[in-house]
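Protein sequences appear in the order of chains G, C and P. For reference, each letter of the first sequence is one residue, going 1 to 204 in the working numbering. For reference, each letter of the second sequence is one residue, going 1 to 80 in the working numbering. For reference, each letter of the third sequence is one residue, going 1 to 151 in the working numbering.
No farther apart than 35 Å at their CA atoms in a straight line, the calculated lysine-lysine pairs in the DSBU-like style are these:
| id | chain 1 | residue 1 | chain 2 | residue 2 |
| --- | --- | --- | --- | --- |
| 1 | G | Lys110 | C | Lys74 |
| 2 | C | Lys40 | C | Lys56 |
| 3 | C | Lys40 | G | Lys100 |
| 4 | P | Lys2 | G | Lys100 |
| 5 | G | Lys172 | G | Lys110 |
| 6 | C | Lys40 | P | Lys2 |
| 7 | C | Lys31 | G | Lys100 |
| 8 | C | Lys56 | P | Lys99 |
| 9 | C | Lys36 | G | Lys5 |
| 10 | G | Lys5 | G | Lys69 |
| 11 | P | Lys99 | C | Lys63 |
| 12 | C | Lys36 | G | Lys69 |
| 13 | C | Lys56 | P | Lys2 |
| 14 | G | Lys100 | P | Lys99 |
| 15 | P | Lys12 | G | Lys69 |
| 16 | G | Lys5 | G | Lys110 |
| 17 | G | Lys69 | C | Lys74 |
| 18 | P | Lys12 | G | Lys5 |
| 19 | P | Lys2 | G | Lys5 |
| 20 | G | Lys100 | C | Lys74 |
Honestly, the hints are just simulated from the structure, not real lab data.
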Amino acid sequence: MEVSKIHLRRVRDGTLVAADLFDDIADEHLAMWERSWLPAMRVALADFRRRHVPRDRWPQDLHWNWREKAVSARGLLGQQGFAIVCEERLQGMMQLNLTKTSRLPQQRGKEIAYIEFLAAAPWNRAELIREREFAGVGKILMRVAVEVSVAQEFKGRIGLHSLPQADAFYEKCGMTSLGADPRYEGRLTYFEMTAAQAVHFCTV
Amino acid sequence: MKDRMPELPTPPSRRTMTLNLTDAEMDALEKLSALKDLSKTAVIRQALRLYQMIDKRSRDGQKLYFEHESTREKAELMLL
Amino acid sequence: MKLNIPREWFEKHIAADDASDAIAGFPEFLANRSMAGEVPPITFGAFVSLLRRRESLSLAQLAARAEIDVSELQQIEADEVPEPSVVHQLAAVFDLPPKQLMRFSGLTAPRSSVVGEEPVPYAAHSANIGELSNDERDLLDALVRELNARE
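Based on the provided sequences and hints, a complete structural model is requested.
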């Protein structure tokens, strides 16, 4: 497992804070997930119920078992996990799949780094907490996906499925929407980033 | 500010191997390399990823199918 | 792999007021059909209790309908892990998919304080029949929908 230096934006004072990016979701990260994410998710869940928020407005990853995902991906070259730790807390996780290919007509059949699962810690999410601790976790993990894509010679091409409420975010990141994916009852939007879009996304 | 390709990340440690391929195999490798816009090494690495994943899923009791996009016809890929 | 993302990129692209923080991946309604590892919002025992109260049944009445012992039912509602056959019978009484109900029941870890405890006899006929509050009704409806959807 290797560690890389990244930065998160602390919302409270707008400063950049150094953080560690791990290229694996290790047992220590899963322990942090169980200790700190799950209880916070349960609290959020109880709050949603109390406020009678309709279920389709709840965070859609409440049921995700990261331990199951991470453990089943271990040892597989085609799946890569990432974890961000900052100030000794788990700030985000992502799982990539490297065995998928593009659906965009101009690059159809070419390999992409597909984001299977991506989530920021509950305290970093605007829909779960009034003042987030760190901003940018999602976008940073997307950049990581692009970096992996480049490293594998996929030229920065990535893909992911989005819930409609997050569509605007991915569009703002410069991704191309391929519309509602019929394979998922049309309820998820499929996005891809081309090599050119990736270069732009990574430009300083 | 000029757009440029992101810097390549540092690769993990590497071990080297020599591949002995037939003409037909090398041709196929070169064709895939061109089609996929990947180096021959990258093609082999991708093949390894897929092979490993298929193997694991087969062991888990799953079957691999091809499904025709329009006709929805399924053809099983037998891997034992 | 080690990444080298320049600090300037974070400076430029990561704002404190970034409106949304993405998640990507499969949402609840398309979740992997297996409920393994899921955290149910209430225990299985609490769920059975809510179902029973929705039908305005006492423990004795439900036990009779499900053709199980009252003591068994008490233990279930007190979060002892139930026998699959019992779960099956409860599924029939409440018209719920048995397989999903069984998965749900298997996810509930028994409360350690309850193991080996004698069930309290008076509770069988007593008024644990209180009408459901709105919250309880919502939760129950949601769980029932979920179980049926996963079938």
